[in-house]
Amino acid sequence: MKSKLGVLILVAGAFCSGSALASDQQNVVTQVTDKMQLQWQDWHEYVDIRENYDETPPSFRQRVFKSLGDNIAENAEKLPQGYILQLLVVDLDLAGDASAKTQAGVLGVRVFDQGFAPAISFKFAVLDADGKVVLDGSEQLRNRNFLNGRGSMRFDHDRLAYDKELINTWFSKQVLPAVSQ
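Throughout the sequence shown, residue numbering follows mature numbering (1 follows the signal peptide of the UniProt record, and there is no 0), covering -22 to -1, 1 to 159 in sequence.
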């Protein structure tokens, strides 16, 4: 029996047209579109949400959540008419590592290496037009082969390409086939 994960993922306010990113509340950042409800829960406990050398922690965090959230929203647009994706992110480990010093001794530069694979943990539910759960579960995604994947082709233009590719692959291989049956 499908659990009512949708009940656990309560989003403050009604659906918005377009994408809105709520400001950092105590522990939750929310992003809502017509086809997606996304929460970044307890973000201060995530494995990796540190700032880059040229950004403050709040601006880095907001940019990362907005960019990844917009990517999830693009995937949700592929769902059948009336379907909604609810996603509750519980941990995030971005590709690369920003805590190590470079050879030049500069802190905060993100170093990409196979040892620092992108990972994301979340709970999700897909609701049909009647609000019934058609798919739900929890995922702990990680791609240790990320430097050889499709994300590497877009990396020059998007520093979150590896992380987005992890989400895109899950959505196209797990979600779309399950809801298209």
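Calculated directly from the structure, the hints in this document are not laboratory data.
Careful, some of the hints might be misleading.
Listed below are the simulated PhoX-like cross-link pairs for lysine-lysine, each with C-alpha atoms no more than 20 Å apart in a straight line [unchecked claim]:
#, residue 1, residue 2
1, Lys56, Lys44
2, Lys13, Lys110
3, Lys13, Lys151
4, Lys44, Lys110
5, Lys151, Lys44
6, Lys56, Lys13
7, Lys56, Lys110
8, Lys101, Lys13
9, Lys151, Lys101
10, Lys13, Lys44
Across the chosen pairs, the derived CB separations fall in these ranges [claimed, not checked]:
#, residue 1, residue 2, range
11, Glu23, Lys110, 29 to 35 Å
12, Asp48, Glu117, 31 to 37 Å
13, Asp48, Asn5, 18 to 24 Å
14, Asn5, Ser158, 30 to 36 Å
15, Pro36, Lys56, 29 to 35 Å
16, Glu117, Lys44, 36 to 42 Å
17, Pro58, Glu23, 32 to 38 Å
18, Ser158, Leu119, 19 to 25 Å
19, Ser150, Lys110, 31 to 37 Å
20, Arg41, Gly109, 28 to 34 Å
21, Ser158, Glu117, 16 to 22 Å
22, Gly60, Pro36, 34 to 40 Å
23, Pro155, Val6, 18 to 24 Å
24, Ser45, Asp108, 28 to 34 Å
Cβ atoms here follow ideal geometry from the backbone N, Cα and C, with glycine treated the same way.
Evaluation of the provided hints:
With a C-alpha separation of about 19 Å, the suggested pair lysine 56 and lysine 44 falls inside the 20 Å cut-off, and the hint holds. Taking the CA atoms of lysine 13 and lysine 110, the gap is about 14 Å. The hint holds against a cut of 20 Å. Restraint check: the Cα-Cα separation between lysine 13 and lysine 151 comes to about 19 Å, which is no more than 20 Å; the hinted pair holds. In summary, the hint linking lysine 44 to lysine 110 is not supported, as the alpha carbons are separated by about 28 Å, beyond the 20 Å threshold.
For the hint linking lysine 151 to lysine 44, the alpha-carbon distance of about 23 Å lies beyond 20 Å, and the restraint is violated. For a cut-off of 20 Å, the pair hint linking lysine 56 to lysine 13 stands: about 9 Å separates their Cα positions. For the suggested pair lysine 56 and lysine 110, the alpha carbons sit about 18 Å apart, so the restraint of at most 20 Å is met. Only pairs whose Cα atoms come within 20 Å are accepted, and lysine 101 paired with lysine 13 is accepted, the gap being roughly 16 Å.
Distance restraint check for lysine 151 and lysine 101: the Cα-Cα separation of roughly 17 Å lies within the 20 Å cut-off, and the hinted pair is therefore satisfied. Simply put, lysine 13 and lysine 44 have alpha-carbon atoms about 16 Å apart, close enough for the 20 Å limit, and the pair holds. Between glutamate 23 and lysine 110 the Cβ separation comes to about 32 Å, which falls inside the hinted range of 29 to 35 Å. Hint check: aspartate 48 to glutamate 117, Cβ distance near 19 Å, so the stated range 31 to 37 Å is violated.
Aspartate 48 and asparagine 5 have their C-beta atoms about 22 Å apart, which keeps the hinted 18 to 24 Å range intact. At roughly 35 Å, the beta carbons of asparagine 5 and serine 158 sit within the given window of 30 to 36 Å. At about 31 Å, the CB distance of proline 36 to lysine 56 agrees with the hint of 29 to 35 Å. Distance hint check: the CB atoms of glutamate 117 and lysine 44 are about 21 Å apart, inconsistent with the given range 36 to 42 Å.
Between proline 58 and glutamate 23 the beta carbons are some 35 Å apart, a value that agrees with the proposed interval 32 to 38 Å. A hinted range of 19 to 25 Å for the beta carbons of serine 158 and leucine 119 is consistent with their spacing of about 21 Å. In this structure the hint that serine 150 and lysine 110 lie 31 to 37 Å apart at CB is violated, the actual value being about 23 Å. At roughly 33 Å, the beta-carbon separation of arginine 41 and glycine 109 lies within the given 28 to 34 Å, and the hint holds.
Separation of serine 158 from glutamate 117 is about 19 Å and conforms to the stated range, judged on CB atoms against 16 to 22 Å. Distance hint for glycine 60 and proline 36: a CB-CB separation of about 36 Å, consistent with the stated range 34 to 40 Å. For the pair proline 155 and valine 6, the supplied restraint of 18 to 24 Å is violated, since their beta-carbon distance comes to about 30 Å. For serine 45 and aspartate 108, the Cβ-Cβ distance of about 32 Å falls inside the hinted range of 28 to 34 Å, so the restraint holds.
The earlier numbered hints that this structure contradicts are 4, 5, 12, 16, 19 and 23.
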